[in-house]
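Single-letter residue listing:
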Amino acid sequence: MLLNHITIGVYNIMKKQVTINVETVTKIYNGGVIALDKVSLEIYSGEIFTLLGPNGAGKTTLIKILTGELKPTEGKVSILGVNYEEFLKSDIRLRVSYVPQENIFWENLTVEENLDFIGSMYKLPKSELREKIRFLLDEFDLTDVRKRLSSKLSGGMKRKLSVAMSLINDPEILILDEPTAGLDPRTRASLITSLEKLREFGKTILLTTHIVESAERISDRVAIINKGRIVTVDTVDNLKQKHCGEEVIEILYKQLTPEALETVKSIAHEERIATAGDKVIITQQHGNVIEDLLKIKSKAKDILAVILRKSTLEDTFLFITGETLGGSENVVV
Amino acid sequence: MLLFKIIKYKFLLAVRGKEFYIYIIGIPLIFMLIYGAMASSAYSSIEPIKIGFINNDVPLSYSLGNDTFNVHFGNDFYRYIKNVTYENSTVKMFEIVNVSSSEDAEKMAARLEIAGAIYIPENFSESLLNFSKAMTYNILMSMLAAKANEAYGEGNYDLGTRYSQAMDDISSLANVSYRLRVHFIGDPTSSDAMTSYEYLWKSLVNFAYVQVDLILNEYADYLSDTYNITINLNSTEFSTDVASTFSVEFDVIGGKAGTAKETFMQLYFSVLVPGQLTQSIMFGSTVAIYMIGHDIERNLLARLKLTRLTSSEYIGGILIAWGFIALFQSGILLAVAFALGYLRTIGTAAHIAVAVIALALGGVITAAFSMIIVSFVSERVSAPLVMVALIPVSMFIAGYFPVPNPIIGGFMGETITALDLLPWRAVIIAVRKSLMLSNVYSVAELVPDVTILILWTILYSVVSFITFSTARLKKRE
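Protein chains in written order, with the working numbering: chain A, 1 to 333; chain B, 1 to 477.
No lab work stands behind these hints: they were computed from the structure. Every value quoted in this text rests on a predicted model; they were computed, and no experiment measured them. Virtual Cβ for every residue (Gly too), placed ideally from N, Cα, C. Some hints here could point you the wrong way.
[To be verified] Among chain A residues calculated to face chain B with C-beta under 10 Å, some are:
1) Gly-68
2) Glu-69
3) Ser-78
4) Leu-80
5) Asp-91
6) Tyr-98
7) Trp-106
8) Glu-107
9) Leu-109
10) Ser-127
11) Arg-130
12) Arg-134
13) Leu-137
14) Ser-166
[Claimed, not checked] So the derived label-pair ranges between C-beta atoms look like this:
15) B:Gly-26 - A:Gly-32: 43 to 51 Å
16) B:Ile-466 - A:Glu-74: 28 to 36 Å
17) A:Leu-308 - B:Ser-378: 46 to 54 Å
18) B:Lys-474 - A:Asn-238: 47 to 55 Å
19) B:Thr-451 - A:Lys-123: 34 to 42 Å
20) A:Lys-16 - B:Lys-474: 33 to 41 Å
21) B:Ile-296 - A:Asp-184: 26 to 34 Å
22) B:Pro-404 - A:Ile-28: 48 to 56 Å
23) A:Ile-28 - B:Leu-385: 41 to 49 Å
24) B:Ser-378 - A:Ile-28: 53 to 61 Å
25) B:Thr-451 - A:Glu-74: 51 to 59 Å
26) A:Ser-151 - B:Val-377: 45 to 53 Å
27) B:Ser-378 - A:Lys-123: 49 to 57 Å
28) B:Ile-296 - A:Ile-28: 37 to 45 Å
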C-alpha cells in the first residue's frame, strides 16, 4: 500500500495536476456579510497547500464550499474535475476527506469503533477495513488506546483520531480545517509529521491555519487570505523573500510612540516597516540598517531590544495585510 | 451490512451516554416509584370522580307470611354509591351524573367528561334478592337445626317441633340461583376509571351484605313471631365466595366486554407501568435530538456526506436503532416494576410479542419525531423544550390527568379521540392491553391497536425522512 501511495505521489507531482480549482468564488451570507470575495485558487496534486489567515478571514467558508456544505454565491469550484454541484452526487466525493475544526468522532464509541463505523460508511470489504484500522491505529500511535472511549482521550489523541478517521477511505485529497489549533507544541509537531508522511504518500492536503509555525513548516504553498480575499499565493520561501527578505529586524519598545516610529523611519530609508503592538519590524532588503538601529538603542531608553532574526510568515502576513494573524490593527510603511 | 452497523453503533452511543440514564431511565423511574408508593399507601386522589349511572333494574316484590315487601335495589344502590366516601375521609368518592344509555356513557367517557359509568342490569334486584334469600337460608337453617336438636335433646318436643316447622317454612329459599352482576363502562387506560372500578367492586359487596343483613333480620323476625321461637342473630357472621358470587364486568369503551379479575393494585399498575414505559420512550426524544444534533453541530453529518452512506441508511439506521433502544429502556423499567411487584399478569408469547412490537415502534416514532423537530430547530433549543413539553403530554397520554378529549372519528371499530393524534397514545394502549390486560384481550383483539400504531410509525417515519433529508442532508446554504 505504501509503495502505491509513493508511486502515485511522484506521478502526481511530476504531472502537477490541478486537483482543486476555485474560480472567482464569492460567498455572501444571509444578511449581506461577504465571507469570500472573488477568490481564485489552484491546488495541485501531491502538495500541502495552506490557507493562512486570521479568524474570520473566510478560510472555513471556502472549505465548506469545497466539501459541498455551502453554495458559492458566485464563481466556480471543481474538485478532481467535478463541478461542486455534482460533487456530492458523484463518486469523486469518496476520494476527498475532510477534518473540520471540531474533533470529528462519536465520543461514546471507542477509538477502534469510531474507525470501524466511519470505515463501514465507505462500505469497505471487511478484511480491507480491518487492515486499514490496524494500519491507522499504528500510524497515529493509537493502538494502545484503541479500546478507550474517545471522550477519554487527551486533546492530541482526539485530533489524531479525527485525522485517522479521515484517512480510512484512503482519500486523494485531505482537507483539514485548523488541524493544529488548540494543540500543545509536542502534539502539534507530531501531527505535522503525520501530515508530512501523508504528502509522501501522494496525498493532496489543503489545510487552513492561523498558526504560522504550522504553515511554515509543512506547506508547499501558502495562500494568504484576509477579509475574504486571497492576497497572495506562493511558496513559503518565495513569500518571505518577496515581502520580507531573509532577515528582519525587530525592535521591541516599552511603549511605541509616533516619535519613536518617525525615528525608525528616518533610519530605515527604503526598507519596509511594520508595527505590531509595541514592536516594529523592519526589512533588510536594501542594505544593512541594523548598525544604525543599534545606535539609537543606546540613546533611547524605551527600546527594550533590537533583534536581527530570520523572517517568518507572520512577518510576511504583517507586511502584506498590515495586520497580525491575531487580528490587531497595525501600520505598514 | 451498513444498516446493522448504524443500528449497533447508534444503540451503543445512546446507552453509553449519561443522558440516557438521567432522562429516559432516571426520570420515569422516579415517577414510577413515586406513583407506586402512592398507590401502595393510599389512593392518590381524594377528589370526587365524576361517573355516570345507568339504572335498568326492574323492581319486584316478595311475600313473607301476610306481608309483602317491595324492593328496587338498583335505586338503593344508586343512593348507596352516591354516599360512598374515600377511606379515612369524608370526601365523597363519586359525583354521579345521570346517563341514559351505554352508548352515551361510552361517548362521554371517551371525551373524558366522565371517568366511566356504572351499568345496572334489569335483573339486579332479582339477583340480589335471591342472593339474600340464599344467604338467609344458609344462616338460619344451620341455626334452626341446632336449636331443634337442642330442644329435642332436652325433651322439649313442642319447641323442637316449632323449630322444625320454621325450617320447613324457609326450605323454599334453597332453590334460588343468583349471580350478582353489574358493569362498569370506561377506558382502562384511565386511572380514574380504574379507581372507580375498584370502588365499585367494594361497594357492591358491601351493599349486598347490607341487604342480606336486612332480609335475614326480616326472616328471623317473621319466624320468631310465627313459630314463637327465639333466634339470636347478634353473633351471626356470614361470608361468601366473592369471586363466584359477584361480578363487575369492565366494558371497555369501543371494545368488547371483559371481566378484569385483577386486584386494585394490579389495575393501578396496569395504568402506571405502561404509562411509565411510554413516558420513558417519549423522553427518549431528548437524547435522540441531542445525538442527531451532535452529528450536525460537530460537522459529522457534513463528513458523512462524503461517504457512501445514503440518506435512507442514515435515517433508517437511527429509526431502527431507537426501536432497540426503546426495548432496552423498557426492559430496565420492566425489571424494576417486576422487582417491586408491579407486574403480575404474564400473557401468552403472542401477547408479549405484541408488547415488544408496540414498544419498539414507540421508539421508532420517538426517533422520527426527534428528526422532524431537528429538521427545523437546533437541538440546543429543541432538546430542553421537547423535554419540558413531553412531561405533561405524557401524563395526559397515560391518562393520569383528565383533559378535554373530543371524539374525532373511528377506526376498525375503535373510537378515535383528539389525544389519539399523539402517536404514543397508541403505544400505551397497545402495551397496556398486551402486557397488563392479557387476560382481558385476546391477541386478535389487539389487531386494531397494533394497526393504528403501525400506521403512525409509517407516517412519522416518512415525514421524518422527507423533512430531515431535505433540511439537513441535501440542503446547502
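### Query
Against which earlier hints does the structure fall short, listed by number upward?
Those not satisfied are hints 3, 4, 10, 11, 12, 13, 18, 23, 24, 26, 27, 28.
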